[in-house]
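S.K.: For this one, chain A is given, so just place chain B on it according to the hints.
2 protein chains.
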Amino acid sequence: MTLPANGQTVLVVGGGPAGLRAAVDLIGLGIKVVLVEKRHELGGAPIRWRYKTLAPELRPTEEVMAPLISAIEASPLVTIHKSSLVQRLDGQAGDFRAHIGGEGGRATMADVQAVVVSTGFEHFDASRDPRYEYGRAPNVIGIHELEGMLTDGKVVRHDGRTPKKMAFVFCVGSRDRATNSWCCTICCGVSIKQAMEVKELLKDVEIYMIYIDIRTFGLWENLYWNSMEQHGINYIRGRVSQVFDTGSQLLIKGEDTLVRGPFEVLMDMVVLSVGVDPGEGTAQAAKAIGLATNPFGFLQPKHPNVHFDSAREGIYLA
Amino acid sequence: MTLPANGQTVLVVGGGPAGLRAAVDLIGLGIKVVLVEKRHELGGAPIRWRYKTLAPELRPTEEVMAPLISAIEASPLVTIHKSSLVQRLDGQAGDFRAHIGGEGGRATMADVQAVVVSTGFEHFDASRDPRYEYGRAPNVIGIHELEGMLTDGKVVRHDGRTPKKMAFVFCVGSRDRATNSWCCTICCGVSIKQAMEVKELLKDVEIYMIYIDIRTFGLWENLYWNSMEQHGINYIRGRVSQVFDTGSQLLIKGEDTLVRGPFEVLMDMVVLSVGVDPGEGTAQAAKAIGLATNPFGFLQPKHPNVHFDSAREGIYLA
Numbered sequence: 001m002t003l004p005a006n007g008q009t010v011l012v013v014g015g016g017p018a019g020l021r022a023a024v025d026l027i028g029l030g031i032k033v034v035l036v037e038k039r040h041e042l043g044g045a046p047i048r049w050r051y052k053t054l055a056p057e058l059r060p061t062e063e064v065m066a067p068l069i070s071a072i073e074a075s076p077l078v079t080i081h082k083s084s085l086v087q088r089l090d091g092q093a094g095d096f097r098a099h100i101g102g103e104g105g106r107a108t109m110a111d112v113q114a115v116v117v118s119t120g121f122e123h124f125d126a127s128r129d130p131r132y133e134y135g136r137a138p139n140v141i142g143i144h145e146l147e148g149m150l151t152d153g154k155v156v157r158h159d160g161r162t163p164k165k166m167a168f169v170f171c172v173g174s175r176d177r178a179t180n181s182w183c184c185t186i187c188c189g190v191s192i193k194q195a196m197e198v199k200e201l202l203k204d205v206e207i208y209m210i211y212i213d214i215r216t217f218g219l220w221e222n223l224y225w226n227s228m229e230q231h232g233i234n235y236i237r238g239r240v241s242q243v244f245d246t247g248s249q250l251l252i253k254g255e256d257t258l259v260r261g262p263f264e265v266l267m268d269m270v271v272l273s274v275g276v277d278p279g280e281g282t283a284q285a286a287k288a289i290g291l292a293t294n295p296f297g298f299l300q301p302k303h304p305n306v307h308f309d310s311a312r313e314g315i316y317l318a
Numbered sequence: 001m002t003l004p005a006n007g008q009t010v011l012v013v014g015g016g017p018a019g020l021r022a023a024v025d026l027i028g029l030g031i032k033v034v035l036v037e038k039r040h041e042l043g044g045a046p047i048r049w050r051y052k053t054l055a056p057e058l059r060p061t062e063e064v065m066a067p068l069i070s071a072i073e074a075s076p077l078v079t080i081h082k083s084s085l086v087q088r089l090d091g092q093a094g095d096f097r098a099h100i101g102g103e104g105g106r107a108t109m110a111d112v113q114a115v116v117v118s119t120g121f122e123h124f125d126a127s128r129d130p131r132y133e134y135g136r137a138p139n140v141i142g143i144h145e146l147e148g149m150l151t152d153g154k155v156v157r158h159d160g161r162t163p164k165k166m167a168f169v170f171c172v173g174s175r176d177r178a179t180n181s182w183c184c185t186i187c188c189g190v191s192i193k194q195a196m197e198v199k200e201l202l203k204d205v206e207i208y209m210i211y212i213d214i215r216t217f218g219l220w221e222n223l224y225w226n227s228m229e230q231h232g233i234n235y236i237r238g239r240v241s242q243v244f245d246t247g248s249q250l251l252i253k254g255e256d257t258l259v260r261g262p263f264e265v266l267m268d269m270v271v272l273s274v275g276v277d278p279g280e281g282t283a284q285a286a287k288a289i290g291l292a293t294n295p296f297g298f299l300q301p302k303h304p305n306v307h308f309d310s311a312r313e314g315i316y317l318a
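Note that the protein sequences, when read in sequence, are chains A and B. Start counting the first sequence at 1; every next residue gets the next number (the working numbering). Start counting the second sequence at 1; every next residue gets the next number (the working numbering).
Looking at chain A on its own, in the form it has when it is part of the complex (with noise of 0.2 Å):
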């Protein structure tokens, strides 16, 4: 790893919560910065799904991310390029020359001395499972739009009335052959972080988490027990087949893989507790930019487990 000294010039490519980051600590050393965002604004998914607050510290998203947004936005050190790509990046470490534009427009060039590449993920899209009526039943939502509830202070159904017993149901576009055979890695300690959220705001829902394994590792394990001792929270160890909409409520038929049999519970709203997937512009940059992905679509660090250095010299993973 060579890092570049001060007065020269980083390429940061995506400008989420990792990219914002990592150029807030290189115009702390005096290096200047060129950002390339695809969507018309900085943020990342917390910004663009409208993130109440970041588990497991339950920090409010506005506190965390507005410093970094406007450090990036103050700074005379970088110049952001908003609803563009990187076309294409020549050259090699120390020397390389980026062209960035619109899809399909004229670009502009900058000359770049390294690039870090942080194109982050995307929520799940659950209308590829069929099984979860997601996107045709409207009371059936991702974990992603019940944030934007959250923040507003505000869960209701689709009606408009507020739901009295509501489920979440794990590992949707995760664990599962038929959509990503891996572990998201988070959506178990966010779905907790929520059913929680919403307890305080809806004194008295009765919420259902519906699992396969409880994986809050780490200190996240706290989460875990304060739902059930403090807010009230139920488990169902168990596997849905099929979500079925009664017009006014939300049938879940599965298997209860503790006690071993069927179950079947009406519910007001259910929660897709949705899986990741590679970012939105991760395959066009890893092809701009000449990145090799692994078989999921995301971007293959050049030693497994230490996730900073690409296999392209002078480019770093973030």
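Just so you know, the hints here were simulated from the structure itself, not pulled from any lab data. Glycine included, each C-beta is placed from N, C-alpha and C at the ideal position. Careful: at least some of the hints might be erroneous.
Reference listing, derived: stretches of chain B covered by chain A, where coverage requires no fewer than 3 residues with Cβ under 8 Å from a Cβ of chain A [unchecked claim]:
#1 75 to 82
#2 175 to 183
#3 250 to 264
#4 286 to 292
M.R.: Leaving out everything else, chain B in the frame of chain A:
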């Protein structure tokens, strides 16, 4: 974060994988390193406990660690103090003076511009939990001891016989308010890796994994599937209440939490999937250097979820 420049010196506290990796990266930038290691040898837990391979990629420990250790030992930029501690750290970011010496002995002074503290982890001492007979029944061992056996290519009972039935008990000293309340994150993956390695060595051994939840998050999920599909490893969802040494075998009593009933099984060997505790040198280093620890004794980063900055300027965690 302010990084030292080429030619300046960084103190690295702890010569395990993280400290060695940090030192190698620093010398790559032309920065001098003073490395302080409490024990008589470099390499940390993988060397001390003779790990065979590192999960989840199953790379031989030797292949990962040997290049790090030899790069450090050969570099003219590195001064190594083995069997030594940092007794005190005076000064401030950019101008620290470290007092380095044996316990109680006379100190050598080193002037450094920044400090990296990498005092790592230690395997949970299972004799703290009397249920498992660890330290009394000779055929009850920990995953760290099994690594040494795998490295020797010889998994045998205390009496020299080959085990025909072997159980791994997950979450020993993890997810248990009587000992450690957090999830250690890694003992699922390491145990599954080891079970497959045992099966390759002893073709006709039966292996049972007794678990609360399987926490093979991210891409470790493949290990879990392979262990069942390619290696025939068995999984029992349950909690162990007691291990009894019958003299010739080990009787495990517990509750099967999948079919909801008690179970009793006889095993030839029991492997405890022990969790982690703060590294041996963590408490002493934290005190000498003036760093905060969390309620569990691990070093506390300045910002939650960002594990590099300590709360003291110029001192970094690895």
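S.K.: Please go over all the hints and tell whether each is borne out by the structure.
M.R.: Quick rundown of the hints versus the structure:
no. : hint       : result
1   : 75 to 82   : violated (count 0)
2   : 175 to 183 : holds (count 4)
3   : 250 to 264 : holds (count 4)
4   : 286 to 292 : violated (count 0)
The structure is inconsistent with the numbered hints 1 and 4, although it conforms to all the rest.
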